[in-house]
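Participant: Chains as they are written, first to last, in our numbering: chain A, 1 to 255; chain B, 1 to 215; chain C, 1 to 225.
Take these hints with a grain of salt, some might be off.
Claimed, not checked - Mimicking DSS-like on lysine-lysine, the simulated pairs with C-alpha atoms at most 27 Å apart in a straight line are:
{"no.": "1", "chain 1": "A", "residue 1": "K120", "chain 2": "A", "residue 2": "K11"}
{"no.": "2", "chain 1": "A", "residue 1": "K11", "chain 2": "A", "residue 2": "K32"}
{"no.": "3", "chain 1": "C", "residue 1": "K208", "chain 2": "A", "residue 2": "K113"}
{"no.": "4", "chain 1": "C", "residue 1": "K129", "chain 2": "A", "residue 2": "K120"}
{"no.": "5", "chain 1": "A", "residue 1": "K110", "chain 2": "A", "residue 2": "K120"}
{"no.": "6", "chain 1": "A", "residue 1": "K84", "chain 2": "A", "residue 2": "K120"}
{"no.": "7", "chain 1": "C", "residue 1": "K129", "chain 2": "A", "residue 2": "K112"}
{"no.": "8", "chain 1": "A", "residue 1": "K24", "chain 2": "A", "residue 2": "K11"}
{"no.": "9", "chain 1": "A", "residue 1": "K122", "chain 2": "C", "residue 2": "K49"}
{"no.": "10", "chain 1": "C", "residue 1": "K129", "chain 2": "A", "residue 2": "K110"}
{"no.": "11", "chain 1": "A", "residue 1": "K84", "chain 2": "C", "residue 2": "K129"}
{"no.": "12", "chain 1": "A", "residue 1": "K112", "chain 2": "A", "residue 2": "K32"}
Keep in mind the hints are simulated off the structure, nothing from the lab.
Since we're looking at a predicted model, the values are computed, not measured.
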Amino acid sequence: MREFPPILQAKNLTKTYGENVIFKNISLDVYKGETIVIIGPSGTGKSTLLRCLNLLTPVDSGQIFLEGEEITAPSVNQDQVRQKIGMVFQNFLLFNHLTALGNVMVGLTKVKKMPHNQAKEKALQELERVGLADRAHHYPAQLSGGQQQRVAIARALAMDPLVMLFDEPTSALDPELIGEVLGVMEQLAHEHMTMLVVTHEMGFAREVADRIIFMEKGRIVEEGTPEDLFERPQQARTREFLGRISELYGKREKG
Amino acid sequence: MVIQFFTYILQGTSVTLAVTLVALPLGLILGLAFALLYNYGGLWVSRLAAVYSLAMRGVPPVALLFVLYFLLSGRLVNLSPFWAGSISLGIISSAYQMEILRGALQAVGESQMIAARAIGMSRFQAIRYIILPQAIRLAIPPWSNEASIVLKDSSLVYALGVPEILRRAQQLSATTQQPFLAFGAAALIYFILVFLANRGLDLLAEKTKLPNAAA
Amino acid sequence: MISFLEFFVRYFPDLLSGIGMTLLLTAEGILAGLVLGLAATLARTYGGKFWRSLAIAYIELFRGTPLLVQLFLLYYGLPGLGIALSREWSAFLALGLNSGAYQAEYLRGSILAVGEEQMLAARAIGMSKWQAIFYIILPQALRLAIPAWANEPVSLLKASSVVFLIAVPELMTRAKMIASRTYDPIRSYLAAAVLYLILVYLVDAAMKWLEQHTRLPGLSQARQK
Ligand SMILES: Nc1ncnc2c1ncn2[C@@H]1O[C@H](COP(=O)(O)OP(=O)(O)O)[C@@H](O)[C@H]1O
Ligand SMILES: [Mg+2]
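Only chain A is shown next, with the shape it has when bound in the complex (with noise of 0.2 Å):
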C-alpha cells in the first residue's frame, strides 16, 4: 500500500538547546498522502521537530531527506527546500503589510518569479480552496482568526509543497472558529495531501488521521492507527494523557 520511498524521512534527529536536550534520536517516516497526528503535553518538542523538518532551525546531529534525498547536507540550498515543504503555524504569522490575495501571492512572484497574472491567477484558485475568494482584498488584521489561518494555509498550497506540516493550527483559535479550519484540513486529507498535523483536537485525529503518533518529553513514546491508540493503547503513558486530553476537550464541549 506505501509507496517507497517515504516522501518524508527523518532519521535519528537531535536537537538541543544550550544543555537542554529538546529530543533525541528521533526516526520518522512519513508516506505520500497520508495524514500523521502528533500529540504530547506542551513543552515536548513537537513545534522544534516541525521547524527542523522544514529546515527552520538546524539539527544537531541526524539526517533528514525529502523525496529520498539527504535535505540535511551541507550542499543543499535550503531555500529551495523550504518552498517544497509547507508550514502553518499556530499564530498564523500572515504578512501584515500584504492582502490575502497578496500573502498568497508573495511567494509565487518573489520565490518562484511567476508572473504577476499567473501568480494572481493561481492565488485566487487558493483561496476559493480554502473559500475565501471573497476576502482576497482584506488585510489580515480585517479578518477573523479562523480566516486568517485559512489564508495561511492558501499562502502554503500555492507553492506546490510536497508535504504540509501543521503546528496546532486551531490552538490560536476561539471555538467557533476552529472548525472551518479543520474543515480545509479534512478536505485537503482526502485530496491525498501529505500531511504532519500538530494538534490537540482529538476528534479531528479521530475521523482523519492515518497514523497518530504520541511524543513526550522528546521521545516517541507510541505511534499507531487512532484505533490501535484510543482503544488499545500499549503504553500507561499514552493511556493517561489520552484520558486527561479527553477530559479538557469533554469540559469545553459542555462550557
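Based on these hints, arrange chains B and C with the ligands on the given structure of chain A.
Facilitator: Structure of chains B and C with the ligands alone, referenced to chain A:
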C-alpha cells in the same frame, strides 16, 4: 605635545560644563513653572503657555540664541557672553522641559488629584506632595535625553565667543596647524561627556524607580 | 511692532533667497540620512560581527557629539588630512551623516517591532534572508517607523541652521548679513525665527498628511495584540 593639546581643550570643558549647569536647571525651573501653569492655570494662562511652547520649539535653537543673546547683552540688560549665552540656552530648553513635565503630569492623572483632595489636601498640597513626586519620576528618562541635548547645544555659544571646548579647539587648530586633531579631540571629549551624562542619568532613573513601575 | 513688520517686509526678499538653501539642505540631508540610516540599521540588525560593530560605532558617535562639532570636523578638520570639501558639501555631509544616525534608531525600533516571527514565516515559504528583509520586514518596518520618523524632517530643518557658522548661504546666514548691514541683530534674527516657525509648521503639516496616507487598514489594531 598630545598631552598639552588635550589639557588646553580640557580647560574649555569646564566652561562647557558650566554653561550646561546654568542652562539645564534654569530650563527646569522655567519649564516646571510653565508646565504647572499649563495644567492648572485656567484657560487663558494655559493657552499662553501652549503658544510659548510651540513658538520656542518651532524655531532653531541657534536663531533663538542670537535673538536672546542680543537682548540680554545690551538691549535689556548688559550680561557677559557667558551669562547671556547660558541663560538663553536655559530659556530655549525650558520649552522642551515644559513638554516633558506636562506629559508626566498628565500621565499621573486626575484621579491622583481627586484622591489627594479627598483626604483634605489643598490643590497646592496635592500638587506638591502627591502629583509632583510621581511626575518627576516619570519625567526622568525623557529629561535625561533633554539633558544630553543641552550639553550638545552648549557648543552653540561658540558663536558668541565663549571659550568652551569648540572655541578652544579652533584656537588650537590655528596655532598648531593640526585642524583634524584639534576638532577630533573636541569631538572625543564631547562624546565622553555625553556618554557619562547618559550613564549617570540612567543610574538616577534606576535608583528612583518605583517598585512595579512599568519599565 | 509696526517697525518690525516694516523691517520684515523690507528684508523679506533677502531672507527668501536663504529659504531655498535651507530647504535644499534639509531635503538632501533627509534623503542621505535615510539611505545611511537604512544601511546602518540593516548592518546592525542582520549583519555579521564586523558590520554590526561598524554600524553601532557610527550611530553612537554621531548621536553622542554636537552637530556643530561634526560640521567643523568635516569643514575645518578634513583639510588637515588633505581632503578639502566646499562649504556646501561639508554642510550636506554633516547633516546627512548626523540625520542617518538618528534615522537608524527610528528604523531599528520598528524592525524590532515587526518581530522575528514574520522572518520565520517568510523563510517558511522559501524566501532567502534578504528576500524576507526586502519584501516582508522592511515594507512593514518602514510604515511602522513613519510616526516617529516624521519628527526628523522638522528636527533636521531646525538643525540645518548651524551651517551658517561656516557661511553656507541659507536663512540664518542671510539674517546675519542683514544684521551687519542694519546694525539691528535682534530684528534680523527675529525675522529669521519667524520664517523658520512658518517652515516648521508647513513641514510638520506635510508629515501629518504622510502619516495619514500611509496607514494600513486595521494594522494599528493588529499591533496592539
Ligand atoms: N529558540 C529556543 N531556544 C531555547 N529553547 C527553546 C527554543 N525553542 C523551544 N525551546 C524549548 O524547547 C522545548 C520544546 O519546545 P516546543 O518544541 O515548543 O514544544 P511543544 O511544541 O511540544 O510544546 C521547550 O522546553 C522550550 O522551552
Ligand atoms: Mg508547540
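Participant: Hints first: check each against the structure and report whether it holds.
Facilitator: Evaluation of the provided hints:
no.: 1; hint: K120(A) <-> K11(A); in the structure: violated (39 Å)
no.: 2; hint: K11(A) <-> K32(A); in the structure: holds (17 Å)
no.: 3; hint: K208(C) <-> K113(A); in the structure: violated (37 Å)
no.: 4; hint: K129(C) <-> K120(A); in the structure: holds (24 Å)
no.: 5; hint: K110(A) <-> K120(A); in the structure: holds (13 Å)
no.: 6; hint: K84(A) <-> K120(A); in the structure: holds (20 Å)
no.: 7; hint: K129(C) <-> K112(A); in the structure: holds (15 Å)
no.: 8; hint: K24(A) <-> K11(A); in the structure: holds (11 Å)
no.: 9; hint: K122(A) <-> K49(C); in the structure: violated (41 Å)
no.: 10; hint: K129(C) <-> K110(A); in the structure: holds (13 Å)
no.: 11; hint: K84(A) <-> K129(C); in the structure: holds (17 Å)
no.: 12; hint: K112(A) <-> K32(A); in the structure: holds (23 Å)
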